[in-house]
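Could you put together the complete structure from these sequences and hints?
Heads up, the sequence shown is in my numbering, so the first residue is 1 and it goes up one at a time.
Hints are not guaranteed to be accurate.
[As the list claims (entries may be wrong)] Derived BS3-like pairs (lysine-lysine); straight-line CA-CA distance at most 30 Å: (1) Lys-88 to Lys-150; (2) Lys-250 to Lys-270; (3) Lys-191 to Lys-121; (4) Lys-270 to Lys-150; (5) Lys-162 to Lys-270; (6) Lys-294 to Lys-250; (7) Lys-150 to Lys-121; (8) Lys-294 to Lys-270; (9) Lys-150 to Lys-230; (10) Lys-114 to Lys-150; (11) Lys-294 to Lys-150; (12) Lys-72 to Lys-191; (13) Lys-162 to Lys-250; (14) Lys-234 to Lys-162; (15) Lys-114 to Lys-88; (16) Lys-238 to Lys-72; (17) Lys-234 to Lys-250; (18) Lys-250 to Lys-230; (19) Lys-289 to Lys-238; (20) Lys-150 to Lys-191; (21) Lys-270 to Lys-238; (22) Lys-162 to Lys-230; (23) Lys-150 to Lys-162; (24) Lys-162 to Lys-238; (25) Lys-289 to Lys-270; (26) Lys-238 to Lys-250; (27) Lys-191 to Lys-238; (28) Lys-191 to Lys-162.
[Claimed, not checked] FRET-style restraints, in silico, Cβ to Cβ: (29) Pro-189 to Pro-126: 52 to 58 Å; (30) Glu-141 to Pro-288: 36 to 42 Å; (31) Arg-51 to Gln-113: 30 to 36 Å; (32) Gly-94 to Lys-114: 28 to 34 Å; (33) Asp-242 to Pro-288: 30 to 36 Å.
For the record, the hints were derived by calculation from the structure and aren't laboratory data. Each residue gets a CB set at the ideal place from its N, CA and C atoms; glycine is no exception.
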Amino acid sequence: MEKNTKEIHLAGGCFWGTQKYISQINGVLETETGYANGKTQNPTYEDVCRRGTGHAETVRVVYDAHRLSLPKLLEIYYDSVNPTSVNKQGGDIGSQYRTGIYYTDANDLPVIQKSIDNLQKRLSQPVAIEVLPLDNYYRAEEYHQNYLDKNPGGYCHISPAKIRQASLANPNLTPLQYDVTRNAATEPPYKNEYFDNFREGIYVDIITGEPLFSSTDKFESGCGWPSFSKPIDKSLVKEIQDFTHGMIRKEVRAADSDSHLGHVFTDGPKERGGLRYCINSASLRFIPKEDMEKEGYGYLLDIL
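Spelled out as structure tokens, the structure:
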């Protein structure tokens with residue numbers, strides 16, 4: 001592996017859901033489902049589930065240590081499990097569904113132990129996550145690799161909302177994007193990426209990729225920020241009273257990521273409904289019309 005690339009194996013119940021959850025985290029480069037720390041050689045899924053091999057359903061995680069620290073990765077992992085439950089996660093019961101952190105680098109052990117100690121301080125019951133060197137690991141059958149990508153409606157003990165949140169836990173943002181989306185900062189007028197962009201396409205949430213605004217509804221307002229008469233779907237944004245800076249305004253946030261987007265005002269074009277959604281470019285990513293199909297937004301082409 002490259003110098004900045006690290007590996008850890010995480011058990012969090014059914015590995016279908018754990019792999020999907022972990023793979024959403026920014027900084028994770030590769031995941032693989034497998035069987036770890038059991039007693040037998042070359043176990044099958046049937047062996048692990050029915051023949052007492054002692055293996056845990058595990059996800060091998062390869063990550064970029066410059067973009068994602070081990071303590072941060074473990075904190076995100078803890079959010080996907082019940083850390084005090086023994087041999088049970090969600091509705092799945094059995095020793096193969098135990099929680100575990102299995103390391104391949106002994107230098108990771110003090111980091112893991114400190115992380116577990118910090119977790120224990122927040123809990124009233126003992127942490128049940130076992131921490132051991134990786135042993136007797138075998139890659140799971142191809143059927144179990146990226147199972148939920150191949151079977152979108154398949155069983156998962158982790159909720160879709162929690163899986164989406166995994167991508168928000170370590171956002172790969174520039175300092176400005178982070179400050180705007182997470183701290184409700186405002187970028188400079190006329191010195192931002194999209195204020196004068198009038199190409200056909202859509203604007204999506206910089207964090208989740210949720211489609212928020214369309215070029216069809218964009219207009220020149222003269223304010224120095226991208227202005228829209230309405231979102232693609234009103235349910236994709238939420239509006240909150242904002243009393244900061246001695247003003248009474250209505251803040252606009254993304255419903256899914258809870259990112260700050262900007263504000264909505266009532267001085268927009270009357271022929272378009274009278275609203276002006278004044279949005280920070282830093283909260284958005286523009287998808288040009290010609291790229292929408294290949295990026296998975298082809299279903300929105302008819303709104304342009």
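Original post:
Keeping to a limit of 30 Å between CA atoms, is the pair of Lys-250 and Lys-230 held or broken?
Top reply: Distance ~14 Å between Lys-250 and Lys-230 Cα, so the pair holds.
Original post:
Hey, Lys-294 versus Lys-270, does the alpha-carbon distance stay inside 30 Å?
Top reply: violated, 35 Å
Original post:
Does Lys-191 lie within 30 Å of Lys-150 when you go C-alpha to C-alpha?
Top reply: Not satisfied, since the Cα-Cα distance of roughly 42 Å exceeds 30 Å.
Subject >> Cβ distance range 30 to 36 Å for Asp-242 and Pro-288, holds or violated >> reply: Between Asp-242 and Pro-288, where Cβ atoms are some 32 Å apart, the hint holds.
Original post:
Is it true that the CA of Lys-294 sits at most 30 Å from the CA of Lys-250?
Top reply: The given pair, whose Cα atoms are some 35 Å apart, is violated under the 30 Å limit.
Subject >> Given hint Lys-191 paired with Lys-72 - CA-CA distance at most 30 Å >> reply: Distance of about 33 Å is beyond 30 Å: violated.
Original post:
Given the hint that Lys-150 pairs with Lys-162, does the C-alpha gap stay at or below 30 Å?
Top reply: Holds. Lys-150 to Lys-162 sits at ~19 Å (cutoff 30 Å).
Subject >> Lys-150 paired with Lys-230 [C-alpha distance capped at 30 Å] >> reply: Cα-Cα ~35 Å, so violated.
Original post:
Are the Cα positions of Lys-234 and Lys-162 separated by 30 Å at most?
Top reply: At roughly 22 Å apart (the allowed maximum being 30 Å), Lys-162 and Lys-234 satisfy the hint.
Original post:
Is the gap between the beta carbons of Gly-94 and Lys-114 within 28 to 34 Å?
Top reply: Holds, since Gly-94 and Lys-114 (Cβ atoms, about 30 Å apart) stay within the stated range.
Original post:
Going straight from one Cα to the other, do Lys-162 and Lys-238 come out at no more than 30 Å?
Top reply: OK: Lys-162 and Lys-238 at ~19 Å, within 30 Å.
Original post:
Can the restraint linking Lys-162 and Lys-270 be considered satisfied, given a maximum Cα separation of 30 Å?
Top reply: violated, 40 Å
In summary, the numbered hints that this structure violates are 3, 4, 5, 6, 7, 8, 9, 10, 12, 20, 28.
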